[in-house]
Amino acid sequence: MNRSVIIAFILIIAGITVFLSASKDVSTYANFAQAASGDKVKVVGQLAKDKPMEYDAQNNPNQFSFYMKDDKGVVKQVILHQPKPQDFEMSEQIVVTGKLHNDIFNANEILMKCPSKYKNEEIAVREQQD
Amino acid sequence: MSETVYVGEHLWVGNVGHFAIILSFVAALFSATSYYFSGRNRDAIDISGSWNRMGRIGFSIHAVSLLTLIGILFYAMYHNYIEYSYVFNHVSEDLPLKYILSAFWEGQEGSFMLWMFWHVVLSIVIIRTTGKFEAPVMLIMMLVQAFLLFMILGIHIPWGDETLKIGSNPTTLLRQVNDAPIFANAEYLSLIKGRGLNPLLQNYWMTIHPPTLFLGFASTTVPFAFAFAGLWYNDHKEWVRQSLHWSLFSACILGTGILLGSLWAYVALSFGGYWAWDPVENASFVPWMTLVAAFHLHIVSKNTGYGTRTMYFLYILTFFLVLYSTFMTRSGVLGDTSAHAFTEMGLEWQLILFMAFFALLGFGLYIYRYKSIPAPVKEEAVPSREFWMFIGALILLFGGILIITSTSLPVYNKIRTYFNPFYEGKVISDVMEHYNKYQLWIGVLVALLSSASLFLKFGAKAWEVQKKKYGYKILAGIAASLVLTWISSLLLDYPSWQYWVLSFSGIFAIVMSIAYMIKIPQKSFKLSKAGLSHLGFGLMLIGILASGLNQRHISSNPFVFKNIFNDEDVKKYVQLIKHRPLYSQGYLITYESDTLIDRERRFAINFQKLNEKMEVQESFTLYPHAVYSNDYTKVAAFNPDTKHYFNKDIFTCVLSLPPAMTSVEEAKMIEDSLKYVDYPIAINDTIQIDEYIIKPEMLTFDPQHQDYNEREHDGGLGVRIAVYDTKEDTTYYATIAQGLEGALVYNYPATISDAGMKIKLADSTIERYFTPDDHADYHEYSIKKDETININGYHIQISELDTQPEIDGYKAEDGDIAIAAVLHITGNGIDEIAKPLYVIRNNQQMGIKSLSSASGLHIRLTNINPETEQFTFSIAAEDRKSKEVILSIATKVPRNDYLILQATIFPGINLFWLGCILMMFGMLLASIKKYKQSRQ
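Line by line, the protein sequences give chains P and A.
Quick note on numbering: the first sequence equals residues 87 to 216 in my numbering.
Quick note on numbering: the second sequence equals residues 14 to 949 in my numbering.
The set of hints was computed from the structure by calculation and includes no laboratory data.
Careful, some of the hints might be misleading.
Said to hold, decoys possible - Cross-link-like lysine-lysine pairs, in silico, DSBU-like; alpha carbons within 35 Å at most:
(1) A:Lys482 / A:Lys315
(2) A:Lys647 / P:Lys155
(3) P:Lys162 / A:Lys647
None of the values given here were measured: they were computed from a predicted structure.
For reference, chain A alone in the conformation it holds in the complex (with noise of 0.2 Å):
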């Protein structure tokens, strides 16, 4: 086989990123293997003993070379060196600077480099501030760094006739990936561009998202790490007092990725909703429920020492979920199910192993440890708070394995046609129906439970003292709670009796949060934390309910199907038709213009809300709009836009266009499809085809067209056309253009969708207003500065002259003398400019004419003679007396001028996301707090 030298490859990026790799890899087991014989060391410890020191080394070089891989890689797809396949898949040559971040974790690799990056971040706190179980949470930090360096290892190893593939490095060149025949040229990169980022993701979402949620993943590690470091040492008592703070930074941290996703979602995608059940939802919602479970019990824990073994098992399981979420979305097991998971990339093996090795080590050390946990014999005392806390984290547990249990029906099937190939697969009939019903009781109980054992003490202290106050305050809630669900009634609607139980419970857990805080003055303050999550989770219940069940479509269509479906979905889009107002509940919706900026076609939508009076009550535009494809061909995402007021959205969305719009393709094949007619006529003269009478009404060389202005032209013509519909009789007018470069001919034509026309001016037209030069009749004229030339009206003086002229086709080059003869051109109603160039470039005379559109003069400046000052033009007029036009005219043209839209108001929405706000700032507020006391 010849060796292909291959031109313009950047290799030292490969090679510097491939060893990069395969040391992190190496030094992540070196410091783990150091961190595990220092924690074996455990009682002779001091922090600056050699195994932990070697420790520090191994991490040290671990984390140089996973950054110099970040970094080396970030290079790569900055300076767009395509030759390499992750570079080639994410980045083009167009892709603004600003979206460099989302290309690079778009991918698989990327995306476990930023969780990578995260953990080095993480483990660097770790060693600055854990002390004494720096070895056990260290060793495990780099257990799991090793594992997700496994994912991206890169190496082959022949395996009888295959090759075991070892991850996906991901500064593989894309010739290695690839067997296309391009490759056989040397300078194939010459030739291919880079795929880029999918225009979906090029938003700032993508941006702050994926690094949250993994800062988030990350963090889960912590918690573990140290329930490993407690069972190791069968130590329940230390790291339970000192670690409570990463517990709640790691909840905040992941809610707040979760909560970012669902703002994504409902902001900027068109789902139009925050929350759909999907799996890859689930799979990082799961792990967050189960790791508030553990926190609550990590406190009643380090508060009573109860619930430590469910609290173990909690963190293990919490972390095993986490991975197990990792397996599902990045194996393309879910492939048929989600919406937004990975494609399969040959890791699923590796991705099981990972999953095991942490099962059967935290499992196992779990049951292995299990009986030397300590538990209190006696049993929690239930007007306790441990007791209810207890209960609470049981019923998320439940909650979590009922979700998860749903979503990993795809794994099921998966197992069960490995094993009998005809097994039919299982499917959700429907998803929001299915988990809705079973987790709204999960948010109930956890509503009620958080609210009501707020006011409960550890250990049941002064219960006998505290009993009837206890009961009062509830009884008192409770009857506030309900006065309160009465009154939410009257604005929201409650379609059955569990959601007026859920709308109560919601209630309930506010007024007991803010009873809870209002009395918390007097007492310590890091109480209300407590406080305001739970007040946040009962908001969050209460906007769900108003968001999600009363949600009204304002797009309501008037077209009511056959009863087969009841619900609202099927008939919430409208269309709308350019200019034609459209009254819908309420609203005169108009879809006004649509303007395309860079890859982004924006639709003015204007709402104006009227009373019964017919009166305008309010007036605002939306602008909706639809991202086409990287090579511009086609429509690749529609993203809505939201009017946000404090108690409701309305949320508008396009979504779909006339096929003329939505796709090149589309347009040719339809555009190729007309049949054009041409008719000559004379301006104001009309003809008529089937009920239209069209008429030319006026001809102008300065036309005023959209498009037509976009682009210079030496010159132009344009016509306003009347179309009278003799049926509706109503007109119908357009402009169309015609403009001139050169010998190029540029068509602006006009659809009216109202009467299935399409009109353009014929291509000879042109030709009857601007000769070309061949055939033009050319006059010599020869004047003094101050004199005129007299030509068919117009009068034509030189008003100045340019010896550093700036025009187009002309570039000025050493030694040349130019000089531009600035004509002013009146007569005829007509005032125009004209700016005739003439050149002597080493001797030798040249020109560029000049074009006057308005009056059809052309103009060559062809001799200065300096010592008579005389000034020779060659000029040629248009003979513009018949103005006669030929238009083209297609009927039966497809309407090109509406829209779909869905408008949609989600009431109190913001309920929900001041809710969840609130619910992550207390965790927030309280690890910073625990922090400070464990530094204490």
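For reference, chain P alone in the conformation it holds in the complex (with noise of 0.2 Å):
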């Protein structure tokens, strides 16, 4: 057999064994109800404004506690174990990553969407405040 084909074939096989064994590795976002089975998972939701936000950080920096609402209108209490992050009461869309533990989402990542600086009515506010 022609050496080229039997490379060829070596790497399609790596290829299908890594896409079949990297398949495990993606997930869809999930919501909290889906987050139950107790994998890490990533959330989408809102911060749910109504319920409080604690974070200490006398007591430990690396805890910060707040509600989420996920999209299909779930609450749950979320431990982020980092110190809590800068602007985080603006942040339109919250993705957390972590484990659903006794009904508490222990998370130990975190991505905000935050409204674009960018916005065509900030110039109109610049003006009241100049």
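Two chains, two frames, a set of hints: combine them into the complex.
Structure follows, in structure tokens:
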């Protein structure tokens, strides 16, 4: 058999193997109901602004607690094992990565979508400030 | 609609700018067309042919108008013409000049222009050095330029009910892109302020990283253009012989650009690492991988004729990937997944067109010519260098495909959602782990191949003779690497067998490359460049292993949590309270002070390394800092500081600050929530609040208070306060102050965080010691120059007369007669100077009073009699017998004297940088060498 055919064959086999094994690394954004399995998932939602937020740096700087509403409207407490992110209150959308444990979502990663600083309305606001 | 005539706009900038864009675009198309016809007559070629000349003229017009555009926009930014949207969004009045360049390429349009600028520079080099390949290469360069200009064309075509917007013109007026009501005002310019450059980007990295990266991107066009030339002319030898230096140069610059980006992330941003597999990083890294694979096959093709087809494919793919990465980072498709992609700008379809055009041109021509690209019938010999280089290139390509496939997940999601709006997007759950676990094997294979193949010869020359020797070399290399890997495991931790393998391969690459280069001197020198780069690759792998797997957090937090997360990440931050040392991981860490300089608040963090006997072995201070936003109202970013050793780095970064220090708004909210209670109290008396006994210990009229001293006051007072904590049996000290400037009172409170207390002087305090002028009891005193006035135990003497006085509140005018009496006040343990001013202006007498803070004397110079030489002073003396102050005290005040710190040791990180630098340096040397060869 031609050697380059063998090489191509090996590469294709390797590619398929990687593809199959990597499909485990991929998940959809979950909601809290789907997180009940206890696996590590990413949950998308919004900050529940009417519920308390707690960050006590003196007690434990690596723990910030808040409530989040997922896209199905379920609200659960989230404990983020990190200092409270900046501009947290301003976030429009939150993605937390972690596991649900005893009905509390423990997150070790957070991504926030904040209103773009390039919004047109801002020009008018600026005028009043100056 | 009535036309508003706007005040202060510089409309010529926009007119000239837009004309330059269009001219430049047309000229690029004209030049491309001319070069196309010039290239078609290849056989009849002479460099001075008329099509060729037209091509060059077209290029010159294109270049001049493009440079004019860049110059004019730069001029507008330099002069802060914020009527232009691009200027408004990227520059502000207070932006330091040194950041104008950064501001220029902060936005999409600016970075397109930077990219085009480099194409112009490269085109000049091409025209001067390329000879008979000028036409096809320049054809591609001009087409790419035309497409880039297409992105900033700024033409609006009515399309049914809508307007088709082609490109975003950087010289568009702000009022053309905004509908804000402010533009109804003809003088709107005097009301608005530019937004300025994002504070995160105000550093020299932003000045050097983008130009390097874009030169890297621009330079990938050249090998692509040569490959196009080869396919077009069906000549697969000549350009291969001529252009290797371009590919090496491009790989070197693109690699350096990427490296500068990761160096920036590591040194100046709070990421705490140099590589995060962020989509934006991947998008420029993958073309680099395929480019490296391509130039290796270029070397193979040049030397043996093998691998030509794959090389073509890789060059076309590299350029396509550069365009694809442009699409991903600029179309907004990465929005959710990347920390630093651009936001949407409505250019998506143009970017897709750009990609599609060159994909069709490149891959189409490739398929069309595929059969006629020569490929030797006989296969490469297995023990030949070309065979293993080929395998290596395939592995790099494979690694690149893995990365770009995962990175493209958001693109895939977007396409699926397009057809099915209910499709749920997919994401990679653990990004770092996903990429690391596959790329580790790419690293292993590349390391092994790149070093073992160094000793092989092209065409397996004299293999039968060399066979044994080669076997011994490899065996010796393996043996030495095994020993070294074992030694390295004493220093570094390898958590799983995969890392043992990676470590072995990295060390094997180092050993073999060094062994290869030591043999060199007898031979020709050029070979060692490969050795240098491959050595760099090995070092880089070991650097990654050392710094990535073995980083240790000094700031390890004692709170171990629930066992839900076992990784170090969740407990790597500690809280440091000012002046309160914290012992962690062999270091005594102290937050010593914070200083606000301009927009940066620097925190002095002292580290003392202690040995087992708790003796200080080493002491150093690091200064991580917080950068406030352009309007100073809140913290915009935290920047780290790093202590470098030859074998490790100690990296520190502030993660969080008390709310009162984070934003003006929060500080105000906290202040408003405090409840102050006033306590009139004599010096040395005490009051008790809860477990705290408060005692003003000393009253001074010359307060030593950091903030007080920053401002000039007419007078002021300070009180030193001791707060005794009966529970803890400790005393805290603080100084509060109050300053008077004209009729304004400035307060300088103190927060005693340990007692949760904030203390200030009630406003009425200062009136007790500084009577308002209209209530002051003035008396007149007339003296000669050598006489003394005695009041309340003070002696006042005229020490000199100042006829050109410089005094606050006095502006000299022509015709003024101004005299200030410099008075020396002594007595009651006080030694002070007072300087009342006497002015005659237009036959009218005026004066400025002098208030002496310590002695409490208000002095006016009311008359000077030149005949009798009598000076008349009007003096009021303060009665300061009763030493009572009014303290305003709030309790339960939140702490404001702490910070959250991350401190991490990165061992062996210098190996990573050294390895990368060697790799790029090897490519650069090789590029220079190949350029010289191609000129012979």
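Consistency of the hints with the structure:
no.	hint	verdict
1	A:Lys482 / A:Lys315	holds, 27 Å
2	A:Lys647 / P:Lys155	holds, 28 Å
3	P:Lys162 / A:Lys647	holds, 30 Å
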